[in-house]
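K.L.:
Position chain U against the provided structure of chain B, taking the given hints into account.
2 protein chains.
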Amino acid sequence: MTTLIQEKVRQALDILKEKDIDLWLIFVRETSVNSDPILPVIYGNETLTRQSALLMHQSGETIAIVGRIDAETSRLVGAYQNVIPCDAGISQYLLSELQRLNPARIAINTSLSNVMADGLSYGMHQLLVKMLVNTPFVDRLCSAEEIISALNGRKTPSEIALIQAAVDETFEIYQQTYNFMQPGQTEKDVSDFMHQQLADRNLLAAWTYEGCPAVNSGPDSPVGHAAPTDIQLERGHLVHFDFGVQKDGYCSDIQRMVYLLRPGESEAPIEVQQGFDLVRQAIEAARVVLHPGVTGLEVDTAARKVITDAGYPEYHYATGHQLGKRAHDGGGILGPQWEVYGDLPNQIIEKDQVYTIELGIALDGYGYIGLEEDVLVTAHGNEYLGEPQTKLVLL
Amino acid sequence: MTTLIQEKVRQALDILKEKDIDLWLIFVRETSVNSDPILPVIYGNETLTRQSALLMHQSGETIAIVGRIDAETSRLVGAYQNVIPCDAGISQYLLSELQRLNPARIAINTSLSNVMADGLSYGMHQLLVKMLVNTPFVDRLCSAEEIISALNGRKTPSEIALIQAAVDETFEIYQQTYNFMQPGQTEKDVSDFMHQQLADRNLLAAWTYEGCPAVNSGPDSPVGHAAPTDIQLERGHLVHFDFGVQKDGYCSDIQRMVYLLRPGESEAPIEVQQGFDLVRQAIEAARVVLHPGVTGLEVDTAARKVITDAGYPEYHYATGHQLGKRAHDGGGILGPQWEVYGDLPNQIIEKDQVYTIELGIALDGYGYIGLEEDVLVTAHGNEYLGEPQTKLVLL
Chain B
11 MTTLIQEKVR
21 QALDILKEKD
31 IDLWLIFVRE
41 TSVNSDPILP
51 VIYGNETLTR
61 QSALLMHQSG
71 ETIAIVGRID
81 AETSRLVGAY
91 QNVIPCDAGI
101 SQYLLSELQR
111 LNPARIAINT
121 SLSNVMADGL
131 SYGMHQLLVK
141 MLVNTPFVDR
151 LCSAEEIISA
161 LNGRKTPSEI
171 ALIQAAVDET
181 FEIYQQTYNF
191 MQPGQTEKDV
201 SDFMHQQLAD
211 RNLLAAWTYE
221 GCPAVNSGPD
231 SPVGHAAPTD
241 IQLERGHLVH
251 FDFGVQKDGY
261 CSDIQRMVYL
271 LRPGESEAPI
281 EVQQGFDLVR
291 QAIEAARVVL
301 HPGVTGLEVD
311 TAARKVITDA
321 GYPEYHYATG
331 HQLGKRAHDG
341 GGILGPQWEV
351 YGDLPNQIIE
361 KDQVYTIELG
371 IALDGYGYIG
381 LEEDVLVTAH
391 GNEYLGEPQT
401 KLVLL
Chain U
11 MTTLIQEKVR
21 QALDILKEKD
31 IDLWLIFVRE
41 TSVNSDPILP
51 VIYGNETLTR
61 QSALLMHQSG
71 ETIAIVGRID
81 AETSRLVGAY
91 QNVIPCDAGI
101 SQYLLSELQR
111 LNPARIAINT
121 SLSNVMADGL
131 SYGMHQLLVK
141 MLVNTPFVDR
151 LCSAEEIISA
161 LNGRKTPSEI
171 ALIQAAVDET
181 FEIYQQTYNF
191 MQPGQTEKDV
201 SDFMHQQLAD
211 RNLLAAWTYE
221 GCPAVNSGPD
231 SPVGHAAPTD
241 IQLERGHLVH
251 FDFGVQKDGY
261 CSDIQRMVYL
271 LRPGESEAPI
281 EVQQGFDLVR
291 QAIEAARVVL
301 HPGVTGLEVD
311 TAARKVITDA
321 GYPEYHYATG
331 HQLGKRAHDG
341 GGILGPQWEV
351 YGDLPNQIIE
361 KDQVYTIELG
371 IALDGYGYIG
381 LEEDVLVTAH
391 GNEYLGEPQT
401 KLVLL
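If you read the protein sequences in the order shown, they are chains B and U. In case it helps, the numbering used here puts the first sequence at residues 11 to 405. In case it helps, the numbering used here puts the second sequence at residues 11 to 405.
Heads up, some of the hints might be wrong.
It does not matter which identical chain is meant; a pair holds if it fits inside one copy or across any two.
[As the list claims (entries may be wrong)] Lysine to aspartate or glutamate pairs mimicking EDC-like chemistry, simulated, CA-CA at most 20 Å apart: (1) K401 <-> D178; (2) K198 <-> E82; (3) K29 <-> D319; (4) K140 <-> D353; (5) K361 <-> E294.
Because the hints were derived from the structure by calculation, they are not lab data. Since the structure is predicted, the reported quantities are computational estimates derived from the model, not experimental observations.
The following block holds chain B by itself, in its conformation from the complex (with noise of 0.2 Å):
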C-alpha cells in the first residue's frame, strides 16, 4: 500500500521534471524546535535531529542524509530510497552525493512570499553556503517556491477525500452546536461545547485550541483570532462562528452564522438579512470567477467589489486561502496586492488546489456577519465541499 508521503513525494518528483530543476535539497536540523512546513508531506510528523539533508533527483532518486539516531525512522518513513546515517557530521556525505548527481540547478526552500516554501532558516542558509564553498553548486542554488506550490496546491485524491471527512465533521458539529446553544450561554460556554465535541470525535482544533472556534455574540465582541469571552448570548445577536477540524492530518475551516430571534420574531430583521445575502452574494461572486488559470487576485477582486459597492468598508484580509495539512495552507491566495502578501495573489489557480472563500461586514448593533465556505478548484470551475451556508441559522 502507497502511503501519503510516498504518494507525495512521487509527486514531487514529476513536479521537478515539468519544472526542468534536476535536485530538491531539504536542509533542515532539530525539527521539533524549528521545522520546514514542507516537511509533514514529504517527510511526514517525526521529526530530524540533527543537521539532516533530504534529496530528491529529477531522475527519481530519493537520499535521506541523516543523524545516526533518526536513520531508523528514516527507513520507515519509505520514501528515500538511500538513508545514509551520519555521525559528526553532514557536509561530506551531502557533497559526495552532489559531486556524484552533479545537478545544473539545485532548489532549496527559501520565498519571499509563500511561507509554506520558506522552510530555510538564514543561518541555515549560511551554513549551507559555507558547505559548498568552492564547488560549483554554491551557484546553482535556487528557491523551490514553484516545486513547492505545485506539491502543496494540488490534491491527490486521497489528500481531497481527507479534507472533505475533515469538512464533514465540521458540519456535524455545527448542527450539535445549533441545538446545543441558547440565549443566556456565554461565547465561553459554546466554545466549550464545541471543544468537548472535538475530545468525543477524536480530533484535534484546525487551529490554536482556544481561538478555535471564534464565538462572537453581538456587537461587542472582538473579532478577530482572539478566544472566545465572556459576553453572553442574547436575543437579537448575531453569533458567528469560525471554526476548523484535523482529522487524520487534514483541516476543514468554515464560518457560520446564527441569529437569535428576540420574542415575537420569526425572522431575522430586514437589515440582518441583506446584510446577510450580501455576504452570501460576494462569496458566489469570488466562485464564479475561482477556476484554473485565472489569479487569486481576480477572485479576491470579484468579492470585494461586491462589498464595496454595496457602500460597506472591505475587509482587512484576504478573500481565501488554501487549505490541506495546516487551515492556512501556504501559496497562492484570493488576496488583493497589498505588501503584507508580496506575490502569492499573482499566482495562477490549479485544478486540484482547495481554497476557503470568506469575507464579512459588520453590522451596526447586531455584530459581526463572516461566511466561509471550502470549495476545490475542478478542471473548468470549482466545487462545495459540503453545503454552503444559504440562509442564516434561527433560533
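P.N.:
Chain U alone, transformed into the frame defined by chain B:
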C-alpha cells in the same frame, strides 16, 4: 498577577541591558505554518497571521506591530505596552518605530549554531533588508543569539517549578509502568500503557508521540528516535526507556533501565551490572564537572572519557541538552566539538539552566543500557530534579 510571558519579557529587557543591545526585533509571519522557536517564550501559544514585528527596547519599551486580526490577542498577552494594528503592510509602522527609537544595534533571530535563536527564515531576512534599504538600520543588524541563549537558558523560579512538576509526573508514570510490564508483552504494549497514563493525567508527550516513550527490549531492538516495535519483552532482556512529559507547557526527559530476571536469577548477570555501573559512573563524572563557568565541552569530555576508557565505543550524541518548553531546548549543549554542533559546546554554563545528562552503551546479547537524568545548575554546582537511577530495576 504576573504571567510567565510577562516574566520572560521583563527578563529579556534586563538581558538587553546586560548585553548592551538596544533593540530586539522578532520578525515573523503566518506562525501557524512556520513559527519562530522563541515565540512561545515571549508571546505564547497564539499565532501571528500576518507579517508581524515584536520590538523590545533596552529602555523597557515593548511594541507589537501585528495584523488587525491579531491585535486583540496581542493586547491580551499583556507583555506589549503598545500594540499597533496594521492592514495592508507593516513596513511604514516598523520604519517609524525604528526612526523614533534610533537603535545603534538591532538584534534579529539568526544563528549558525543555536536553533532556538535561528527563527528568522532566509526569505524573511531578505524582506526585512528590503524594508530597511536606504536607511541606516540595515547596517545595525546583529544576531540575537546571546539574548536568546541567556533568556532561554536562565529559568525563572516559576519555570523551574514547572519543569520539576513534569519530572515528578514522569517518575510516577515510570513506577506505574514497572508495576504493569511483564515478559510476553511487546514494546508497543508497554508504550500503549504509558500513552494511556499521559491521557489519564492530562499530559502531552515531551516529543513526537509515536517515539515517546522509546521502549527497547533486548539486543535486537533498534535504538534511536524510533517508535516501539512488536518485539516481545523476554526474560534476560534489558529494557531501555526514553520518556518525557509536557505538563503546563514544560518538559521532562528521562531514561530508565529495567532488567527482566531469568528463572533462578535474583540479580542481573555480572556483565549487565557492570555495564549499568559504568553508565551510572559516566553520568556522575559529567555531574561533578557541571557548574557555572565551565563549557559544555568540558562536561561532555569527562563523561565520554569514562566510556571510552572502559573500552566501549563512544556514543554518537551529546552528553546533554537543555530542557524547558521543549525537550530539546536549544542553547549551549554538553557536547563534543563535532561539525554538527557548531559552537554550542563552547558556550559557558550558567546558573538556573536545566540540562539532561544522558549516555549509554550497547551490551552484546542483552540490549542497550542508557540513562538520562535532569539537573538544575545552581550557584556552585548542580542538583538532580528527582532521584537518579542508581540501581537497575529488576522485575
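K.L.:
Are there hints from earlier that the structure breaks, and if so, what are their numbers?
P.N.:
Violated: hint 3 alone.
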